[in-house]
Amino acid sequence: MPSNPSGACHDAPESPESLCAPAARAAEAAPALTAIASAAARPVATPAGSAGAPRKHKKRLGKEACKNLPRERLLQRGADAVTDVELVALLIGNGIGFGRSGDTALRVLEKFGSLRALLDAPHHEIQAVEGIAAARAAVLIATTELVRRALVERARARSQVDSPGAVRDYLRLKIGTRRRETFLCLYLDAQHRLLELEESTIGSLTRMAVYPREIVRRALESGAAALIVAHNHPSGVVRPSAEDRRLTQLLRDALALVDVRLTDHIVVGESETFSFAQAGLL
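Each residue of the sequence shown is one higher than the one before, starting from 324 at the first, in our numbering.
Treat each hint with caution, since some may be false.
[What the hints assert, rightly or not] Taking CB as the label site, the calculated pair distances span:
{"hint": "1", "residue 1": "LEU469", "residue 2": "ARG569", "range": "34 to 42 Å"}
{"hint": "2", "residue 1": "THR406", "residue 2": "ALA532", "range": "39 to 47 Å"}
{"hint": "3", "residue 1": "ARG400", "residue 2": "ARG569", "range": "46 to 54 Å"}
{"hint": "4", "residue 1": "GLU522", "residue 2": "VAL581", "range": "19 to 27 Å"}
{"hint": "5", "residue 1": "ARG503", "residue 2": "ARG584", "range": "26 to 34 Å"}
{"hint": "6", "residue 1": "GLU433", "residue 2": "ARG540", "range": "39 to 47 Å"}
{"hint": "7", "residue 1": "SER594", "residue 2": "LEU520", "range": "19 to 27 Å"}
{"hint": "8", "residue 1": "ARG569", "residue 2": "GLN450", "range": "37 to 45 Å"}
{"hint": "9", "residue 1": "ARG540", "residue 2": "LEU398", "range": "46 to 54 Å"}
{"hint": "10", "residue 1": "LEU518", "residue 2": "THR406", "range": "37 to 45 Å"}
Everything labelled a hint here was simulated from the structure, so no lab data went into it. We put the beta carbon where it would ideally sit given N, CA and C, even for glycine.
All chains should be built: construct the whole structure from the sequences, respecting the hints.
As structure tokens, this is what we get:
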């Protein structure tokens, strides 16, 4: 925050320059992964020619009011002290004021319904929200991609692939809110480290073609010793269907012929998952 002898902070409008700097905004969003939102904590310069404006036209907040702004609460009290709307507003706003960025953040969350749906939203749908221009859309998209890549890095660590919770968290973020059925294969080495993640098939809402022969071939090519497969149910209901059970048996038997173990088949919904391994169905 710029030096202010009076100890007050100003809620200045965003400058045109700040709206045309997606790279800078994305860079600021990186530390926000731990507390999502100190990303846009950059002061906005007072517009040229405003120095001589009458004081009555300037919003002024005392020190105590400043301490209660979302950015200050985030930095001083941690991420639990701010709401979902405030986190999104801090990403797309200037970090000082809350009015316009707060309204825009509320529209974003109302459109997508949840943070998870926002993270999985297509680029064009994010940009279609009123108040989200290219620069702000770039910040949200970059933050989403950073989260995904961080989860992939965790999954590549031996201890994390061995953690069912970490795998399920990644899968929910990756495909949990998709409107079409998607099939994923996670190829693992003998120590259960991730070798490759492949999106094998994208189908319609009611039918999806999965070819065990192709999955076996890819397992051999990657040198995999084990495999986790997953697919989403766009309905949100994760109870496995009869076809899900049949496919699991086919994959398990086909992979066993080449000495590759099917570790799990996970059915993914927006807020929950079903594990064939945990249910004793493998």
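Comparing the hints with the structure gives:
1. LEU469 - ARG569: 34 to 42 Å: holds (38 Å)
2. THR406 - ALA532: 39 to 47 Å: For THR406 and ALA532 the Cβ distance comes to about 43 Å; the hint holds.
3. ARG400 - ARG569: 46 to 54 Å: holds (52 Å)
4. GLU522 - VAL581: 19 to 27 Å: holds (22 Å)
5. ARG503 - ARG584: 26 to 34 Å: Distance hint for ARG503, ARG584 holds at roughly 29 Å.
6. GLU433 - ARG540: 39 to 47 Å: With a Cβ separation near 45 Å, GLU433 and ARG540 satisfy 39 to 47 Å, so the hint holds.
7. SER594 - LEU520: 19 to 27 Å: For LEU520 against SER594, whose Cβ atoms are near 22 Å apart, the range 19 to 27 Å holds.
8. ARG569 - GLN450: 37 to 45 Å: Holds - the Cβ-Cβ distance for ARG569 and GLN450, about 41 Å, lies within 37 to 45 Å.
9. ARG540 - LEU398: 46 to 54 Å: Holds - the Cβ-Cβ distance for ARG540 and LEU398, about 52 Å, lies within 46 to 54 Å.
10. LEU518 - THR406: 37 to 45 Å: With Cβ atoms ~40 Å apart, the hint holds.
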